[in-house]
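Participant: Quick mapping for you: the protein sequence lines, in order, are chains A and B. With numbering that gives the first Met the number 0, letter number 19 in the first sequence gets 18, and the count goes up by one each step, no holes. With numbering that gives the first Met the number 0, letter number 40 in the second sequence gets 39, and the count goes up by one each step, no holes.
None of these hints come from the bench; they were simulated from the model. Quick caveat: nothing in here was measured; it's all calculated off a predicted structure. Be aware that one or more of the hints could be misleading.
Label pairs and their computed distance ranges (CB to CB) [claimed, not checked]:
id	chain 1	residue 1	chain 2	residue 2	range
1	A	Asn21	B	Asn56	35 to 41 Å
2	B	Asn56	A	Arg126	30 to 36 Å
3	A	Trp3	B	Val57	52 to 58 Å
4	B	Glu63	A	Leu73	23 to 29 Å
5	A	Leu29	B	Asn56	30 to 36 Å
6	A	Ser26	B	Arg32	23 to 29 Å
7	B	Thr17	A	Gly12	32 to 38 Å
8	A	His66	B	Gly23	23 to 29 Å
9	A	Glu59	B	Arg64	48 to 54 Å
10	B	Gly23	A	Glu59	50 to 56 Å
11	A	Arg64	B	Ser60	25 to 31 Å
From the three backbone atoms N, C-alpha and C, an ideal C-beta is built for every residue, glycine too.
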Amino acid sequence: MPVWLNVVITIVGTIGLTTLGNLWIRSRDLGSGRRLIRLQHREPLSIVLVTSGNESGGIEGVQYRRHTVSLATLLAATTIAGLTASLGYRKPHEIAVSETISRAPTGDIVLLGGPIKNRLSMEFIERFNRTFPENQIRRDLREGRRVLQVGEYEAELTQNVGADGQATRDVALLVM
Amino acid sequence: MSAGFTSWGTAAAAAYLTDNMLNGRYSEARRDRLLPRTLSPAWPDFLAVLDVVVLGNVVVSVQERYFLPLDRGAQIPASANQMTGLTLSSTNEV
Chain A
0 MPVWLNVVIT
10 IVGTIGLTTL
20 GNLWIRSRDL
30 GSGRRLIRLQ
40 HREPLSIVLV
50 TSGNESGGIE
60 GVQYRRHTVS
70 LATLLAATTI
80 AGLTASLGYR
90 KPHEIAVSET
100 ISRAPTGDIV
110 LLGGPIKNRL
120 SMEFIERFNR
130 TFPENQIRRD
140 LREGRRVLQV
150 GEYEAELTQN
160 VGADGQATRD
170 VALLVM
Chain B
0 MSAGFTSWGT
10 AAAAAYLTDN
20 MLNGRYSEAR
30 RDRLLPRTLS
40 PAWPDFLAVL
50 DVVVLGNVVV
60 SVQERYFLPL
70 DRGAQIPASA
80 NQMTGLTLSS
90 TNEV
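Taking the hints into account, I'd like the entire structure generated from these sequences.
Facilitator: Have a look at this one:
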């Protein structure tokens, strides 16, 4: 066999094996991710953002009133949207602020933000507590300390607040 | 998914999902038999409490403090609105 043919076969083989290896790794990661996220419904993925506040104003005689969300909540929403896209879900996203939702979404849903300002999160936690009575999620105020309790586990909420009044330590809850 | 009591806690929980759960923690939980090999279509299957440190509007660390596999036989009733998916939450909504 001529040397040039050996070289060609080696190059093509290397590229082919590398491509196959990458495809295998990609499909394995996709499969694992989709098994974890497991979106099921055909409807768009609903991402419900916590309503951080309300704002009203006016421009040239036109009055408006709108709900606002924080930058970090938007960051979380884009992270989730990017995640579903990277896992190959070809479904649109419906992004809504909790205060503006008139009817509950019927498909897959992502709730961002805790129960105080996101009423769907509140509803979710109530349902969770009814379904898992031994592992209820509760927020309590004890001797001036705010506590998150999950079953028998407890965590103090916002243990530190910086000089600017911003929380520097927080507790997050992920349920899926 | 439900996440975040403060908004930065929410952002941290979303990042934890993509950076940690998908890159090792989920496999580890299955390997340790905390989670079944295949999660059921019904949900939720687990709950995690995360400790989040924020400095100047940047999340500098997220650590899992508590992981609780949930009873596979139980299921959030889906009749009203079929809440299917994920919940991310943290404590001080700001």
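Participant: Take the C-beta atom of Glu63/B and the C-beta atom of Leu73/A, compute their distance, and say whether it sits inside 23 to 29 Å.
Facilitator: holds (24 Å)
Participant: Would you say the C-beta atoms of Arg64/A and Ser60/B sit inside 25 to 31 Å of each other?
Facilitator: violated (38 Å)
Participant: Falls inside 48 to 54 Å, the C-beta gap from Glu59/A to Arg64/B?
Facilitator: holds (52 Å)
Participant: Could you tell me whether the CB distance from Leu29/A to Asn56/B stays inside 30 to 36 Å?
Facilitator: Given range 30 to 36 Å: holds, Cβ gap about 33 Å.
Participant: Do the beta carbons of Ser26/A and Arg32/B sit within 23 to 29 Å of each other?
Facilitator: holds (25 Å)
Participant: If you check the beta carbons of Gly23/B and Glu59/A, does the distance land in 50 to 56 Å?
Facilitator: holds (55 Å)
Participant: Between the beta carbons of Asn56/B and Arg126/A, is the distance compatible with 30 to 36 Å?
Facilitator: With a Cβ separation near 33 Å, Asn56/B and Arg126/A satisfy 30 to 36 Å, so the hint holds.
Participant: Range first: 23 to 29 Å. Now tell me if the beta carbons of His66/A and Gly23/B are that far apart.
Facilitator: violated (37 Å)
Participant: Regarding Thr17/B and Gly12/A, is the given constraint of 32 to 38 Å on their beta-carbon distance met?
Facilitator: Check passed, 35 Å falls within 32 to 38 Å.
Participant: In this structure, is the beta-carbon distance linking Trp3/A and Val57/B contained in 52 to 58 Å?
Facilitator: holds (55 Å)
Participant: Just to be sure I understand the hint, the distance between the Cβ atoms of Asn21/A and Asn56/B should be within 35 to 41 Å; is that true here?
Facilitator: Holds, since Asn21/A and Asn56/B (Cβ atoms, about 36 Å apart) stay within the stated range.
Against the hints set out earlier in the document, violations occur for numbers 8 and 11.
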